[in-house]
Amino acid sequence: MGQTTRWFSLGRVFTCLLPLALWLGHARAQQLLTVAAFPAVDEIVRGAIPRWNRLHPNVGIKVVSRQFSDHHTAMTTALSTSFYLPDVMALEVGYVGRFAQGGGLEDLSRPPYDIRKFEARYVPYALQQATSRKGAVVAAPADIGPGTLLYRADVLARAGVSEAELIESWDSYVASGAKIKAATGAYLMAHARDMKDIVIRTGVQPGEGLYFDSRSNVLVTTPRFVRAFELARRVRQHKLDARVGAWSNEWSEGFKRGTIATQMSGAWLAGHLNNWLAPNTKGQWRAAQLPDGAFAAYGGTFFAIARGVPAANKPLAWEFIQMMTLDREVQLGAFKLQDAFPALLETYDDPFFELPIEFLGGQKARITWRTAASRIAAVAVHKQDAFADEVINTELDKVLERGKDITLALADAQRLLQQRAHR
Amino acid sequence: MKLPPVLRLSPEWAPYVLLSPFLILFLVFGVFPLAFSLFLAFQAWEPTSGLGAMEYVGLNNYAFALRDEWFWKSLKNTAWLAVASGVPQHLVAIPLAVFIHTSFKKLRNGVVGAYFMPYITSTVAIAILFSSLFSTDYGLINVFLQALAQVPGLGWFLPANPVDWLNDPDNIKPAISMIVFWRYVGFNVVLYLAALQTIPGDIYEAATMDGAGRLQQFFHITLPGLKPMIFFGVTLSVIGGLQLFEEPFILTGGRGGTDQSGMTTAIYLYRMAFDFNDFGAASAMSWLLFILVAALTWVTHMAFRPRGASA
Numbered sequence: 001m002g003q004t005t006r007w008f009s010l011g012r013v014f015t016c017l018l019p020l021a022l023w024l025g026h027a028r029a030q031q032l033l034t035v036a037a038f039p040a041v042d043e044i045v046r047g048a049i050p051r052w053n054r055l056h057p058n059v060g061i062k063v064v065s066r067q068f069s070d071h072h073t074a075m076t077t078a079l080s081t082s083f084y085l086p087d088v089m090a091l092e093v094g095y096v097g098r099f100a101q102g103g104g105l106e107d108l109s110r111p112p113y114d115i116r117k118f119e120a121r122y123v124p125y126a127l128q129q130a131t132s133r134k135g136a137v138v139a140a141p142a143d144i145g146p147g148t149l150l151y152r153a154d155v156l157a158r159a160g161v162s163e164a165e166l167i168e169s170w171d172s173y174v175a176s177g178a179k180i181k182a183a184t185g186a187y188l189m190a191h192a193r194d195m196k197d198i199v200i201r202t203g204v205q206p207g208e209g210l211y212f213d214s215r216s217n218v219l220v221t222t223p224r225f226v227r228a229f230e231l232a233r234r235v236r237q238h239k240l241d242a243r244v245g246a247w248s249n250e251w252s253e254g255f256k257r258g259t260i261a262t263q264m265s266g267a268w269l270a271g272h273l274n275n276w277l278a279p280n281t282k283g284q285w286r287a288a289q290l291p292d293g294a295f296a297a298y299g300g301t302f303f304a305i306a307r308g309v310p311a312a313n314k315p316l317a318w319e320f321i322q323m324m325t326l327d328r329e330v331q332l333g334a335f336k337l338q339d340a341f342p343a344l345l346e347t348y349d350d351p352f353f354e355l356p357i358e359f360l361g362g363q364k365a366r367i368t369w370r371t372a373a374s375r376i377a378a379v380a381v382h383k384q385d386a387f388a389d390e391v392i393n394t395e396l397d398k399v400l401e402r403g404k405d406i407t408l409a410l411a412d413a414q415r416l417l418q419q420r421a422h423r
Numbered sequence: 001m002k003l004p005p006v007l008r009l010s011p012e013w014a015p016y017v018l019l020s021p022f023l024i025l026f027l028v029f030g031v032f033p034l035a036f037s038l039f040l041a042f043q044a045w046e047p048t049s050g051l052g053a054m055e056y057v058g059l060n061n062y063a064f065a066l067r068d069e070w071f072w073k074s075l076k077n078t079a080w081l082a083v084a085s086g087v088p089q090h091l092v093a094i095p096l097a098v099f100i101h102t103s104f105k106k107l108r109n110g111v112v113g114a115y116f117m118p119y120i121t122s123t124v125a126i127a128i129l130f131s132s133l134f135s136t137d138y139g140l141i142n143v144f145l146q147a148l149a150q151v152p153g154l155g156w157f158l159p160a161n162p163v164d165w166l167n168d169p170d171n172i173k174p175a176i177s178m179i180v181f182w183r184y185v186g187f188n189v190v191l192y193l194a195a196l197q198t199i200p201g202d203i204y205e206a207a208t209m210d211g212a213g214r215l216q217q218f219f220h221i222t223l224p225g226l227k228p229m230i231f232f233g234v235t236l237s238v239i240g241g242l243q244l245f246e247e248p249f250i251l252t253g254g255r256g257g258t259d260q261s262g263m264t265t266a267i268y269l270y271r272m273a274f275d276f277n278d279f280g281a282a283s284a285m286s287w288l289l290f291i292l293v294a295a296l297t298w299v300t301h302m303a304f305r306p307r308g309a310s311a
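Heads up: the sequence lines are chains A and B, in that order.
Position 193 of the first sequence, counting from 1, maps to 193 under the numbering used here, and the rest follow consecutively.
Position 95 of the second sequence, counting from 1, maps to 95 under the numbering used here, and the rest follow consecutively.
Treat the hints as calculated values from the structure; they're not laboratory data.
It is possible that some hints are incorrect.
Covered stretches of chain A (in silico footprint by chain B; criterion: 3 or more residues with CB under 8 Å from a CB of chain B, positions within the stretch not fixed) [stated by the list, open to error]:
(1) 95-104
(2) 246-258
(3) 382-390
(4) 398-407
(5) 416-423
From the structure, some residues in chain A lie toward chain B, with a derived Cβ separation under 7 Å [as the list claims (entries may be wrong)]:
(6) THR73
(7) THR76
(8) LEU79
(9) SER80
(10) SER82
(11) ARG243
(12) THR394
Positions of the beta carbon are idealized from the N, C-alpha and C atoms, including for glycine.
Construct all of the structure, not just a fragment, from the sequences and the given hints.
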């Protein structure tokens, strides 16, 4: 009886341990690389998995997908606690600047990564966007957002405004807006803030950031801010903006109904308009360079490796990032399927750039955007950029809504930012 | 079947073992975050650098918070919203509860359920719904106001153009207050209905025989009888009002609205931590807010204590 019981118990232990042993064996054969991403980027990563599997048949890819802001909050938490860190994390450019100032991401400019040796292969300004003040490159650029002016050709035609007239200068842009409003009732832009957003990005001196210089001195009382505020105020005074924020219901309705005639944004917005914002307006939109010869970046995606990632996974994580950012086929695939404008220069000779875009009335707009991508200048990032953005938007609100004097508004912004600059 | 001795619980350990699931959860999700937040309030920390990057800065974060204009601005917004949404809740809920208590018999539960419904509905769903209702050009509220303006005599009182509820800094606070009021008035009605049932009916009978009218009965019997529940309800409104977050956060797209006129202190704390990466200052501000909530709760307690009783 005792002997039987012992064998019975051993059998049970074996039965319990067998699946564990099999699972461990499988885990050893199938190493897993975790990639955390947000919508659209997650699809791009999934689309690249077959290519990765051909290169690394024993290494699987697990995509952890969250909504945009949830993803970045989760990455902040993961970096702060070093728990649940993905091997590779996708980051939007605004967060790259913020994360670059901390020490939580691998410096890709150092061995074994040496991303600088690939610098000439990326769009010139892209790598600079991921470079901290100490010179560390914390992420590799996957896609960029060359700034463009999307406009409703049918609305402009009814108002008798040409593209050349629209983009000649900021003054002609506002004057065109007045003509459009008078002739069609459509607003020139969604919000006067859009005007400020682009004008403060023009004329940034080399080495300067948007709001702070290299010594954290605040720059918000400089002429580019004064000019930006004056233009935004003029737009509001002439009632040329619909007073709606981006991504709101009114914003998308404005596009659908043709009550917003132009929108300055990244080239990717054309894809959003086509896919879900205003597909009914197909053929009525066109793309042009930004007014007054301005070039600016709107968004962009990067891939980074956290320092807390196990050392054994880092080489594979870096190989994955190289595939996503330096592989011509992957970059072009993302461009064709998700409108992710490539950061890799060697894709720029692909015939896809020359193809007409149906949504833009057959215009070969990718050529316009390619030109813009090569002309955008790098802007240094500062850890208080997000706060500065908020302060400037608030002071602009006061100018537009309460009639606050521009000099006073910018002086108040300067004072608030000086309190924070060195925190 | 008898359990083997190793699995048996001795009577002296049994209470601790049975309590342990709650205690463990409370320690992990209740005590630890509080203690960690208190610890963070004395640290400078760039969160993306990891836990090792903390640096003790003493009271620096508190000093910064008290000098921060936006912290004071958020407190003013919070106080405005708490008063504008909180006071009407009780001013409406008390007479409404009395009306339901005296006028509805069979339909009572249905009526109470209808008023209570907003309280149990998801805040996110409510905020998204009201975002559409408050839409300037396409919202039903403006459509209704415009239709009402066509009624002869009413046009003079109503706005000629569609009201920009969510983008005009002067309109954001009233819009948020309306939603909060609508959401919590039913909850207060239920509280007061429960309290009304504790007031003996013979007091009202005696008052009626003495010739007291309904208004006199309301002021001299009902209101004094509701006083303990008013204290409870007002305390909940004070605490809830000062911690207001979801409704304004969703309605203003997480920014606090134009000129930040819908930015409550809770939103500002969240943004300080997760948008501006300043967990130290955010923690210090949260403790300052806690002190304010505690102080106002004490003031409420003093205002509603029975006459002659000591604090």
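Hints, verified against the model:
For the segment 95-104 of chain A, the proposed coverage by chain B is satisfied: 6 residues have a C-beta within less than 8 Å of a C-beta in that chain, meeting the threshold of three. Given a C-beta distance limit of less than 8 Å, the hint that chain B covers the segment 246-258 of chain A holds, as 5 residues qualify and 3 suffice. Coverage of a stretch by a chain is defined here by at least three residues with a beta carbon nearer than 8 Å to that chain's beta carbons; for the segment 382-390 of chain A and chain B the count is 5, and the condition holds. Evaluation of the coverage hint for the segment 398-407 of chain A: fulfilled, as 3 residues show C-beta separations to chain B shorter than 8 Å, against a requirement of three.
Evaluation of the coverage hint for the segment 416-423 of chain A: fulfilled, as 3 residues show C-beta separations to chain B shorter than 8 Å, against a requirement of three. The closest approach between the C-beta of THR73/A and any C-beta of chain B is roughly 5 Å, which is under the 7 Å cut-off, so the hint is satisfied. At about 6 Å, the closest approach between the beta carbon of THR76/A and any beta carbon in chain B falls short of 7 Å, and the interface hint on this residue holds. With 7 Å as the threshold, the beta carbon of LEU79/A comes within range of chain B, its nearest partner Cβ sitting at about 4 Å, so the hint holds.
Proximity of SER80/A to chain B holds as hinted, the smallest CB-CB distance being about 4 Å (cut-off 7 Å). Given the 7 Å rule on beta carbons, the hint for SER82/A holds: about 6 Å separates it from the nearest Cβ of chain B. Checking ARG243/A against chain B by beta carbon gives a least distance of about 6 Å; that is within 7 Å, so the hint holds. The restraint placing THR394/A at the interface with chain B holds, with a minimum CB-CB distance near 6 Å, inside the 7 Å limit.
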